[in-house]
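Number of protein chains: 2
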Amino acid sequence: MAETATARRSRLTPERAAELYTAVLDLLREVGYDALTMDAVAARTHSSKATLYRQWGGKAELVAHAMRHMKPGSIADVDTGSLRGDLAALVTREDDCAMEQNTALMRGLAMAVHNNPDLLRAFKELLIEPELEEFRRVLRRAVDRGEVREDNPAMEFVVHMLLGAFVTRTLIDELPPTQSFLLSYIDAVVLPALGVPTTT
Amino acid sequence: MAETATARRSRLTPERAAELYTAVLDLLREVGYDALTMDAVAARTHSSKATLYRQWGGKAELVAHAMRHMKPGSIADVDTGSLRGDLAALVTREDDCAMEQNTALMRGLAMAVHNNPDLLRAFKELLIEPELEEFRRVLRRAVDRGEVREDNPAMEFVVHMLLGAFVTRTLIDELPPTQSFLLSYIDAVVLPALGVPTTT
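Each protein sequence line maps, in turn, to chains A and B.
When we follow UniProt numbering, the leftmost residue of the first sequence carries the number 1, and every step to the right adds one.
When we follow UniProt numbering, the leftmost residue of the second sequence carries the number 1, and every step to the right adds one.
For the record, the hints were derived by calculation from the structure and aren't laboratory data.
Check each hint, because a few of them may be wrong.
If the Cβ cut is set under 10 Å, some of the chain A residues that face chain B in the computed set are [what the hints assert, rightly or not]:
| id | residue |
| --- | --- |
| 1 | Lys124 |
| 2 | Glu125 |
| 3 | Leu191 |
Here chain B is said to cover these stretches of chain A; the calculated rule only asks that three of the stretch's residues, wherever they fall, bring their Cβ under 8 Å from a Cβ of chain B [unchecked claim]:
| id | segment |
| --- | --- |
| 4 | 37 to 46 |
| 5 | 90 to 102 |
| 6 | 172 to 185 |
Quantities reported herein were computed from a predicted structural model and do not represent experimental measurements.
The beta-carbon is built from N, C-alpha and C at its ideal position, and this holds for glycine as well.
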């Protein structure tokens with residue numbers, strides 16, 4: 001019987017996996033995705049390349065898993081009782097300092113994705129899709145509570161609005177997407193577009 | 001007396017400049033920014049490298065001018081009488097086919113900007129700032145007409161909303177930002193956030 005990815009990965013303790021992910025992220029910050037080699041990861045973590053390939057399948061998957069590991073807890077457990085609260089919880093999972101570091105890392109990886117279809121695939125599966133799923137859950141709860149009408153045409157554009165805030169803030173404004181910036185944006189753009197009255 | 005950039009550039013006829021810009025864009029599509037050389041541009045256009053440097057100063061400026069040249073007419077002259085009309089005119093300057101071609105080109109250049117600060121500078125000066133200025137004019141007219149309140153907090157986020165539509169549509173949805181998509185987005189997100197009633 002073929003081993004599943006989970007079964008393969010379960011051979012490492014969570015502590016050991018965390019150590020490996022931290023080393024991968026350090027190396028990414030030092031040399032970038034294209035120059036990162038499995039040899040360097042193996043050397044830095046005192047593991048064998050065979051182990052790395054067996055556990056993760058390849059560099060792209062290892063990097064995507066490392067990035068996912070870095071994301072502070074899922075908001076799957078968060079249920080604040082309001083759309084505003086849930087969106088705020090979603091965008092303020094990282095504090096401003098972590099956000100600034102991760103923005104630099106994500107920008108570098110966004111460049112690498114352009115020339116590495118396997119990295120794009122791993123990112124979609126391990127990072128983007130789970131994140132989109134969280135948004136769908138948050139919106140579903142808002143509809144169930146009667147906060148947002150199910151047929152509100154802005155419903156399908158929530159990710160467009162929020163990603164626009166991150167990208168424009170970083171690339172055009174050349175400012176960090178701080179928590180206070182993101183909260184202002186939710187109040188000024190996302191909630192009004194969804195027809196949710198803001199308290200201010 | 002020092003020559004101004006305009007005086008220097010005026011030595012070329014507009015037709016000759018257009019020919020050069022077309023060749024630069026062709027080369028960009030063929031080899032990308034990093035592999036593009038002034039030698040290749042000179043050879044393709046039967047001009048001397050000295051001429052290219054004298055006219056544009058360098059590769060980054062030449063590429064930014066070529067990209068600006070490609071943009072169909074400014075909307076500075078467009079004044080439709082409504083914010084919806086002006087925004088629609090702004091985002092539908094290119095037809096769907098041109099938009100799809102240019103999106104690929106812009107994505108490649110966005111990657112190059114990451115490693116070429118001079119390209120970022122030239123883009124900001126020649127493409128981004130003039131575009132932001134158009135948006136400010138469009139919004140100013142909407143305020144003057146009484147369509148949007150000057151203190152509406154979404155006023156400062158119009159570019160964030162629209163850039164989010166382009167980026168998310170292209171990278172996450174993996175679909176082209178067609179005119180009909182952009183018009184739906186304006187109606188569903190931008191106008192409601194600005195408190196402008198849509199007719200639908």
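Results for each hint:
no.: 1; hint: Lys124; verdict: 9 Å, holds
no.: 2; hint: Glu125; verdict: 13 Å, violated
no.: 3; hint: Leu191; verdict: 9 Å, holds
no.: 4; hint: 37 to 46; verdict: violated (count 0)
no.: 5; hint: 90 to 102; verdict: violated (count 0)
no.: 6; hint: 172 to 185; verdict: holds (count 3)
This entry does not satisfy hints 2, 4, 5, going by the numbered hints stated previously.
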